[in-house]
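Residue numbers (the numbering used here), protein chains in the order written: chain A, 27 to 369; chain B, 958 to 1478; chain C, 36 to 366.
One should not assume that every hint holds.
Below, computed lysine to aspartate or glutamate pairings styled on EDC-like, alpha-carbon distance capped at 20 Å [stated by the list, open to error]: (1) B:K1311 / B:D1400; (2) B:K1188 / B:E1413; (3) B:K1215 / B:E1413; (4) C:K168 / A:D65; (5) B:K1194 / B:E1451; (6) B:K1215 / B:E1451; (7) B:K1215 / B:E1416; (8) B:K1188 / B:E1168; (9) C:K168 / B:E1416; (10) C:K168 / B:E1297; (11) A:K173 / C:E85; (12) B:K1194 / B:E1168.
These are computed hints drawn from the structure, not numbers from a lab. None of these values were measured; they are calculated from a predicted model.
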Amino acid sequence: MPRPDSRSAVSAFQRWAGPVWVWTVVGAMVVAGSLGVADFALLSNFQAVGQAAVPLAVVAIGETFVILTGGIDISVAAMLSLGNTLSMGLMAGHEGRVWFAILLTVLAGLAAGATSGLIVAKLRVPSFIVTLGAANIVQGIVFAYTKQGTYGSPAPSLVNLGYANWGPFPALVILLLPLLAVALWVQNRTRAGRHVYATGGDPAIARLAGISVTRVRIAAFAASGGLAALAGVVISMRLGSGEPLAGTGFDWDAVTAVVIGGTALRGGKGGVGGTIGGVLIVAMINDFMNLQGISTFWQTVAKGIVIFAAVIAGAGTELLTRRRRQLLRHLPGSAAREAPAHG
Amino acid sequence: MSTTLTATGTPVLEASRIGKRFGFTVALDEVSATFRAGEIHALLGENGAGKTTLTRIIAGVESADTGELRFAGERVDFASPAAALAQGIGLIHQELSLIPSLSVGANVFLGREPRTTRGSVDDRAIHRQTSAILRYVGASCRSGDVVESLPLAQQQLVEIARILDRRPRLLIMDEPTASLSRENVARLFEIMRELRDSGVAIVYISHEIQEVFAIADRVTVLRDGRVTMTKPISETKADEVVRMMVGRELEALFPPRKQVARSPQPVLEVAGLSLPGHFEDVSFSLYAGEVVGLAGLVGAGRSELVQSLFGAPPSPLTPRDLGGSVSVHGRRVTISSPREAIAQGIGLVPEDRKTEGLLLTLALAENITLPQLAELARYGVVDRARGARLAAEQIARLRIVTPSAAVPVRSLSGGNQQKVVLAKWLAKRCSILLLDEPTRGVDIGAKTEIYAFVRELAENGTAVLFISSSLPEILGLSDRILVMRRGRIEAEHEPDTTSEERLLSAALGLAREERPEHAEA
Amino acid sequence: MASSSAVRDWGNALRRGGTARVRLGQELETYGVWFALAALVVVSTLVSPEFLHTTNLLNILRQSVPLAIVAMGEALVILVGGFDVSVGNLVTLTAVITARVMADSNARILPTVLLVLAIGALVGLTNGLLVAKLRTDPFVTTLAMMLVLQGAAYVYTQGSPANDLTHGFRQISVGDVGGVPISVLCFLGIFALVWFVLNRTVPGRRLYAVGTNRRVAHLSGQPLTRTIVSAYVACSVLTVVGGLFLVAWIGTTDMSAGSGWALQAIAAALIGGAAIGGGRGGVGGPVGGVLVLTTILNLVDLVALPNYAKLLVEGGAVIAGVALYSQRRKE
């Protein structure tokens, strides 16, 4: 039975940009904010929202891959602090060390993430416990490294990049685009991406199809660690130094953005595009509340409630789909009642 | 990927003296078979005869204990289904091996995605090739559809397409038609004939005997893990095949039946019971003191029926999805949970004792007293002395061999574990006992003992309904036999006037004349 | 160690013809944690001469009490196959509410305690109903609860530190009777109660049954929802009790009161013989796990290691617990 072609256009949109409703919410928030919130609709405010959202976007992209495999990475906050202090320590204000520092920092994040991934994949234990433990260890190392104080400084060329605009666009947003493009390409256009979805969808079946589930999981955690460390570099452009607690709060914000962006916590569904929408929603909630003078305290409550809602909605739809599929079953073998004629 | 196909009649796969055990059960005992190019080879046998185990070994899902496989003349031992598939052995079975959240195309090419020169996955090629193979198998879904959004029949066709796209030289089909529509089945048979004519060797497992005679060239019958017959289909008939399927050996002894006067009122009366997708319009009655056997093929809906009677239909369905009525001791009841079933005096010995019957890591005593935990307590505090006495009683009564009531059930043998499951309900003194495959994976000694207990229970006034896939067991133990097929009760037989062949024919749908002569009111 | 305490309990009851005798040592099912504690005591004594001083040992015990109570609660939730990561922020919320509401008034002790216990019960009920009824993932569900509780604590206090507590209430953590800390005596009472409920009563045995295998428990007529919810409620209520002991111990409080406690409680439970997925362990092992953690942290203080070494210890303990767990499962 032929279907209208709009259907495949929608599914293509969803593959790259995430669920339509996420972007509907983003659009509605922009409209509502412009109408209802003073100072929201200013170009400078949009630029500020964009600048503030980029570090979270970098972390959340990595987190998306982990959640797509069916895991969760709670260590991203500590990894971000590590990336922030390590890169600033290595750079120490020298222009010539920029690339060296960034490269080494990202490698450190990759290695730390891969270690968590190895433990998760090999010991087959819940990833949240492993990464909770890893978060403590990494944070301890950060404190040891920085003597618990502000540490290092960015090269002059990086200072203020976090607040700069290139034309009407924030510099950080433009710098994010290549990263986003690569992430989307890996997700939708490579074997690795496809195997991430398969691993999260059903690891046993993925294994039967010859996919190394272990390798996929390790790679996802490594990517998450590397990107969180990179986000630490990005945030130094806004902080102007290395702060041992730079990452505080990024763990839950990242999970919130990914979940709001339509990626299922059970794995196998969703993607980076929706996560960007989720990041924008989180950033705009923060912006609204800041503009309205609502305390950050309420923002925490709001995030908790949003996750509750996402969890309940997810569990509800899961139950409903399973039920519907059961109810649609034929009686055993009833369709093939009569044997076809000979010949 | 084109494979050079062998000339018709040359052996593609030779299995010789394959042996496989699961615990006590010998699944395959020196089975040898040859599957030839250009031949559709049907594999028949009762539930548990070893057909599925044999195909799983050939396709690399499991490995054999003994014997060897030769594929295209070379000795092989596949580590995984992926490895077997890469070599040209494709297995299509009922359990879908699709990732529900991925698209049809992604599933068809999972683990072997074609790539463009730039290194990306070539989605155009996937789309093109998937569309072609879907058209070929007669599926109406599209390459871009997400698998979980499709009806079961389409998913089954995707599964078939996924395997056929690999152009296997040996194609194993384990009941591929179970969820397909008539048109789909007709198309599938056309494809099977085409493949055969192009030199593919096909192994075909089905419970639909008519289908087998319509399509197969050769038939091999398995019984108790041994080959009992292998013949060209033209040289045999349905009744011979059925004869070769039945006659399983069973050394266990059955206790003599004693005629108990039937009370006028049934203990359990089921009228028009239905559960969407599992069974439909099931009616029967159960009287005190009788043992009723429930025969039928796996998937006929027997387990789901007893689970539903016990207030636990298969998840995510709930007792609210049940239609029809159930009466216990003449009073109409709504059983919405096992708790209520137990309160009505019903007990269930489930099919799989390890995942449904026993808390393996906990003590014997704790398992035996679990159904009456609350009654053993005063003010919420468990009377452990009473519990221990109760457990000791049952251990003695059922002659459970154990060092003490304190050891974890896991440490017992299969037969003794099964007795513990029985003991749960004996201790509870149920008036209706539902048994689902009560002697599976149990040694002969324990089987004999279990039969004796069941009979003893009946003589003491319990009404017993038991499911078994072993026809000798059904014949030996039952006072009456109900045959279930495709979710309906198809026939009622008396053990004295029926035979294994007649029961199997009814279960297979070959004998339609035997309707229940008196609809139990 | 495969067998649960229940195994031995039934066995003992049987062997002695039903005379039930409480044998604490048998409940402490994973002896491993106690050996580890003994080894740790020996090492600590060698490393630091101050370790064996009575004041130091009593200090360790006092310090352990709040976390040990929380860890018992966490162990109950893990036993039934779940998780609760909201305990840390529930401790914080308990502490700030108690400090504010009770303040310096002895007359308010009882109403305040009842209020926070009610809040705890409500939190546990919410977690439990979502997990049991809607089958949401326990980790994410309690994570959302964690954020709500954290936000609630901030909103309630606006981030400012609380008043000093009334001296009468603080006695439960700082006072002693004949040299024995009152908090330790209280703890023994609470432990005995939880142990008794878990091992001797119907709800307790149901936790084991449901945690070992939900389907089997269901098919044996045990109520699933009620059992799972009761575990979460017990966990949250015990967490509130632990929070009360904590706030009485430190006297005043800030937002970091319970930070890291979820992790420590889970680590203690895993070290003490609990198994992710449920059905294993009791409440004795987790208490041993807490003593191990506190002793290590005490040692870190004694040898004057920097504060962040504690983070490494906690993280290492979790990874060790996880590694132990995966061993336990392979049996």
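Against the structure, the hints come out as follows:
Between the alpha carbons of K1311 of chain B and D1400 of chain B the distance comes to roughly 16 Å, so the proposed pair stays at or under 20 Å and holds. The hinted pair formed by K1188 of chain B and E1413 of chain B fails the criterion: a straight-line CA distance of about 45 Å is larger than 20 Å. Distance hint between K1215 of chain B and E1413 of chain B is fulfilled; the C-alpha atoms sit about 10 Å from each other, no more than 20 Å. Pair hint K168 of chain C plus D65 of chain A does not hold up; C-alpha atoms about 44 Å apart against a cutoff of 20 Å.
Note on K1194 of chain B and E1451 of chain B: the hinted pairing is violated, with a Cα-Cα distance of about 26 Å set against a maximum of 20 Å. Restraint check for K1215 of chain B and E1451 of chain B: satisfied, since their Cα atoms lie roughly 15 Å apart, inside the 20 Å limit. At roughly 8 Å between alpha-carbon atoms, K1215 of chain B and E1416 of chain B fall within 20 Å of each other, so this suggested pair holds. The straight-line distance between the Cα atoms of K1188 of chain B and E1168 of chain B is roughly 17 Å, inside the 20 Å bound, and the hint therefore holds.
Distance restraint check for K168 of chain C and E1416 of chain B: the Cα-Cα separation of roughly 42 Å exceeds the 20 Å cut-off, and the hinted pair is therefore not satisfied. Between K168 of chain C and E1297 of chain B the CA atoms are separated by roughly 19 Å; this keeps the pair inside 20 Å, and the hint holds. For the proposed pair K173 of chain A and E85 of chain C, the alpha carbon gap of about 27 Å is over 20 Å, so the pair is violated. With a C-alpha separation of about 13 Å, the suggested pair K1194 of chain B and E1168 of chain B falls inside the 20 Å cut-off, and the hint holds.
Consistency note: the structure conflicts with the earlier hints numbered 2, 4, 5, 9, 11.
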